[in-house]
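Undergrad: Got chain L sorted already, so can you dock chain X onto it with the hints?
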Amino acid sequence: MLAKKVLIVEDETILRDAYAIVLTRHGYNVSTAANGLIAMDQIERELPDIILLDMLMPVMSGEQFLDESDILKKHKSVKIIVYSNISDREKVEKLLSRGVHEHVVKSSMAPNQLAEYVKNALHK
Amino acid sequence: MSEPKQYTAEYIIELENRLLEAEDTLEAIRKGSIDALVVKDQTAGQQIYTLKSADYTYRVLIESMSQGALTISEEGIILYSNNQFSMMAEESLERIIGRKVNAFVYDEDLPIVVEILKQRSANIYNSERTVRLKGKSNKEVMLSARKLPVSNDNAYMCLVVTDMTERRRVENAKDEFISLASHQLRTPATGVKQYVGMLLEGYAGELTADQKTFAQTAFDSNERQLAIINSILKTAQIDFGAYQLKISEQDMKQLIEETLIAFRPMLMMRRQTISCEFEEEVCAMVEPIEISLVVSNLIENASKYSPEGGQITIKLKREKKFAIVSISDDGVGIKDEDHAKIFEKFTRIDNVLSDTVSGSGLGLYWVKKIVELHGGEINLSSMLNVGSTFTIRLRAC
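If you read the protein sequences in the order shown, they are chains L and X. Read in the numbering used here, the first sequence has 9 at position 9, and its numbers run on one by one without any break. Read in the numbering used here, the second sequence has 208 at position 208, and its numbers run on one by one without any break.
Bound-form chain X, shown alone:
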């Protein structure tokens, strides 16, 4: 047994200092800024104590999430997985941790995972992409990736994995409801069209000038309603995946010129001019009716959102394997933050003309879907108060 220490003034100061140090350490542990403690012991040497309690509450949270949560290394190796992901992937945790995240994703969707992993050079990367997981249920999941700040040269990434099954079910039920409701709305609207039409066409005798104006206004308003119902139904059809294209070789110059004919009166009324810069013999693999509607939609928007006397420019060219159509206007333009939103369903962007110009908020959603069904893409470049250019790239033949 060692001699009892003499409580000298020096010893008391030393004890006070050790007490302060211990208090600081405790405070740091409470704050969660300490992961482990190294304790030097004369008999047992150096011992490391991991502080599970520091992140215990967070672990409980992560384990009780309805989403899967993964921490992955730069190479895509899973360092941590919660139980929820193990259930989604239909694999035990032991068979998940240490394997590459790629092993759990359908081969066809691997490029998406590679893309997510590649983006790690950015400081913080936030993305949401949908992939399918391997396993019996072949689950569709959304991966939300977030890169963590680099520590000790190690770059980690957190992946939150959301099961889309329930979300898809709700979306399908919603689409089905919209489709059914639209069918039901179309019949009475068609009835209004017939009877107001009969009034206007004199089936109930001559109308006075006022009666004619009122009936015509009702007729036009009903026509707008029918157009909206029809575009909702068309969109629903695409969303159901029940849309089959009949693609054939088309001369794009001829297709656009034929589409333009219908717009001459509208453009004349608005004193807008249209200039065409078409390359000859640009052929694309498209469904002519649908692509004509896509072009119509874009020209109509260009006209609606441009002032009277404005200028619309349509260009057609071939660039490598693509037929490229661009439609530009010198209209109100679209704010940067609205560029992505504009192709979403039921979206109408606020601008100086949005109160006077009618629309269902479905046109550009539909346009994008149709272009994508063709394997093409659509882009927008626009500046507020300067104008917009929509560019479509389609597969050339």
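Only chain L is shown next, with the shape it has when bound in the complex:
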């Protein structure tokens, strides 16, 4: 079976690398983007199975990426996990109602938990 494709969209290099190492070890085919704009370009070239999307990013934020790419409507099969430190519940609820699979608080997530979230999202 072909490895599932994960796109990590995160502006912090150290976190982007950490998540990439963890998910590669768990057998995923990982690609990365440093902001929403680069992610737009990536999904044009190759559609991933799941996107890990940070919210606060320079150039293009996670929210802008969802609006601009319209991925939630255009590619319903692509799972999206928003992981951020935003604690604004209203914002989170809005994201979930738009079709985002899950919201994870970045600072509360240990490496293996990340792998667990990805696995669960892909199996649903």
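Simulated from the structure, these hints should not be mistaken for laboratory data. The beta-carbon is built from N, C-alpha and C at its ideal position, and this holds for glycine as well. Don't take every hint at face value.
[Stated by the list, open to error] In silico lysine to any residue, SDA-like type, Cα no more than 25 Å apart, as pairs: (1) L:K91 / X:E287; (2) L:K91 / X:S292; (3) X:K118 / X:S182; (4) L:K119 / X:E372; (5) L:K5 / X:F240; (6) X:K234 / L:V104; (7) L:K94 / X:N379; (8) L:K91 / X:E201; (9) X:K369 / L:N85; (10) L:K94 / X:K246; (11) X:K246 / L:R98; (12) L:K91 / X:A204; (13) L:K5 / X:Y203; (14) L:K4 / X:L293; (15) L:K91 / X:G202; (16) L:K91 / X:D239; (17) L:K91 / X:E372; (18) X:K234 / L:E63; (19) X:K234 / L:H103; (20) X:K212 / L:A20; (21) L:K4 / X:E201; (22) L:K91 / X:S182; (23) X:K212 / L:K5; (24) X:K304 / L:S108.
[To be verified] Here are some of the chain X residues that sit facing chain L, going by a computed Cβ distance under 7 Å: (25) I178; (26) S182; (27) R186; (28) T190; (29) G191; (30) G197; (31) E201; (32) L226.
TA: Chain X only, in chain L's frame:
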């Protein structure tokens, strides 16, 4: 023209006495203990001279204060106002003196003024309350009241009025800085969590027992740092006023019981017992997540500041229109003078356990704010070395 006086011995004694009297009067004037002089004159009758010079220096001081200063009567009528207050109230002095102080305060804040005026029965009353002044700028000011000793059955009060605009600006800038700094601190701390976590979870190969212990200690310490950063951010959010509650009807017994589940392991480890005295069907209008966190915070404190084997009691009852939750411990207790301080931001009280128990000094500040956002209140009764009881009153439904 009258006859020149003969300088008889009697006349000289009389002159000496008058001189002594005049010297005494001068001395009294210098000391400021004379407000006015009554001079009897054969031709002009009785004349009163007010001694402006006696309080001149104080007047200059009061007029050059950056705060407003008022003297008010028992009924709240302004007897004296300095120029600074006139500028704050955006009214001329003529339109201030003789009017009631209430006329300058926003209607919604009038109960605070009434309360200040009511407290006059006390000998000396010192209070600081914030109200908004009427006028274009709608200034927020702090009133510091001080009752003067009663003279001739007249009770006066001095009010010092401090403009809070600048203070608020500084506070907001500080809150903004804290929020920004915390955001910036959270990212590297999250990085540490990921990489140390990867070490612990074997992503870099098996660790020796020592390596594992060291990495775990680093991980735990970083977790504590993240918790502090998160509580600072949460507090900043409340202080900004950017906190919206989603209130709904909640069964308080169920809410507390669910909250308690997470504490069982911690309490078992510390051999502490918890006893619950819950009335059935106590319903309150609350945001369940936040009130659960409030209760968690209080239980955690009760456990942390109690000895091993201690007893924690949680009570829930309905009293008229309120749902009342109280959390008691038999721990170190809090000194009387610290009771008010304990709900302040970044406050940690010195006690026998404060060196070993960790905390950000934000927990109870946050708890109080959340309870107050619900329109409720929190009280503390505590005795040193006996224990503490925190009681929350929330709106019942």
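Undergrad: Compare the structure with each hint and give your call.
TA: Here is what the structure says about each hint:
no., hint, result
1, L:K91 / X:E287, "holds (17 Å)"
2, L:K91 / X:S292, "holds (21 Å)"
3, X:K118 / X:S182, "violated (44 Å)"
4, L:K119 / X:E372, "violated (42 Å)"
5, L:K5 / X:F240, "violated (41 Å)"
6, X:K234 / L:V104, "holds (17 Å)"
7, L:K94 / X:N379, "violated (37 Å)"
8, L:K91 / X:E201, "violated (32 Å)"
9, X:K369 / L:N85, "holds (22 Å)"
10, L:K94 / X:K246, "holds (15 Å)"
11, X:K246 / L:R98, "holds (20 Å)"
12, L:K91 / X:A204, "violated (37 Å)"
13, L:K5 / X:Y203, "holds (20 Å)"
14, L:K4 / X:L293, "violated (38 Å)"
15, L:K91 / X:G202, "violated (35 Å)"
16, L:K91 / X:D239, "holds (19 Å)"
17, L:K91 / X:E372, "holds (24 Å)"
18, X:K234 / L:E63, "holds (22 Å)"
19, X:K234 / L:H103, "holds (18 Å)"
20, X:K212 / L:A20, "holds (23 Å)"
21, L:K4 / X:E201, "holds (22 Å)"
22, L:K91 / X:S182, "holds (20 Å)"
23, X:K212 / L:K5, "violated (32 Å)"
24, X:K304 / L:S108, "holds (23 Å)"
25, I178, "violated (15 Å)"
26, S182, "violated (10 Å)"
27, R186, "holds (6 Å)"
28, T190, "holds (5 Å)"
29, G191, "holds (4 Å)"
30, G197, "holds (5 Å)"
31, E201, "holds (5 Å)"
32, L226, "holds (5 Å)"
Hint check: violations occur at hints 3, 4, 5, 7, 8, 12, 14, 15, 23, 25, 26; the rest are consistent with the structure.
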